[in-house]
Amino acid sequence: MTKTAHEDLHSNDGALRGERPGRAPNPLIKVTDLAWLEFEKPDLDRTERFAHAFGLTTVERTPQSLYLRGTFAGTHSMVVHKSRKSRFVGPAFHAADAGDIARLTRLPGASQSLLRQPGGGTAVTLADPNGMPVRVVHGVEQLPPLPDQQPLALNFGTNPVRINATQRPPRQPARVQRLGHLVLQTRRFNKTLDWYLDTLGMIVSDFLFLDSQRDRGPLMAFVRCDRGNAPADHHTLALVLGPSLGYVHSAYQVSDLDAMAAGGQFLADEGYQRAWGIGRHVQGSQLFDYWRDPDHLMVEHFADGDLFDTTVPTGWAPMSVNGLAQWGPPVTKDFLGASPSPETLRNIVAALREDNEITVSRLVAMVKAMLPR
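Counted from 1, the sequence shown has number 356 at position 335 by our numbering; the numbering is strictly sequential.
To be clear, the hints were calculated from the coordinates, so they are not data collected in a lab. From a predicted model like this one, the values you see are computed outputs, not experimental measurements. Check before you lean on any hint, since a few could be wrong.
As the list claims (entries may be wrong) - Here are the simulated distance ranges between beta carbons: (1) 66 to 185: 43 to 51 Å; (2) 128 to 187: 52 to 60 Å; (3) 354 to 250: 40 to 48 Å; (4) 294 to 61: 17 to 25 Å.
Glycine residues also receive a C-beta, built at the ideal position from the N, C-alpha and C atoms.
Taking the hints into account, I'd like the entire structure generated from these sequences.
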């Protein structure tokens, strides 16, 4: 019998009869990848210092904007504009061709524009069901590759490759190779997920559900780009039901575990705060290490993630704190957001007053699922 990527210790076989599908039958377009993420920050100098310590490289800096990239060829990975407050603005995705831009421009509320930033190109700006601006771009000039941080040669059992040589990974910033994924929280999980599947042609790699409430449907989805037979990251976008709206974290690929660990030591030496890590995830299998930037936004180093083509069906698994990692230190309150701030409490009250998928019973079940067992 042929096994799927989900037949293992950590995941169920798939959907039960009647459960929601993980892909749209006729999406409008199919985006190919994340292009970049856009932020606003009050202090570009402080932002750039952290970005360099985290392993990003400056493409261009103006008094009002900062453009950052990884080592792989492609577009910049992050755009930061100067503003009074720190916040996430929205993502940009790559369109497969110019025709996709034309198709999206015909949607209600869509606006097309020429990009006045490094690399140029054309963009169509949409709004997802949460009102967040989502750009789809095409024709952006590709940056050439930069010198990369090579993975260390490792001796495995009977296959040694490193003879008469020591291992001395330098304690330096882990060189970010590329932007990997974005995680968002939404109060309208199903409506938001349907928008990304129907409009951008993304497909669900894995759904998570509450063990006691599976009949109410999933409350988290790990979503990848549909590139046909070409492999794509297990998730380029993840959506989770919750009382807040918007950014949870973003993730950036580095070469290997030693780059991640030595880079983490460098960040710690510089006084930055680790949120959780190092470990290996279940959904996506990535090695991970989470950090807080100076404005307390969470960013992740990752390596060795799963790659799926379009043939892998959607997996279903229960949400639990034990399902967050195969190994690693206990998950932190910081990562889980388990120490409610006044803003979180205001978001909970607002969410319960709105017409959405947030209920008291669902919130209680989510909290219980995240308690250590």
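Sort out which numbered hints this structure fails and list those numbers smallest first.
none
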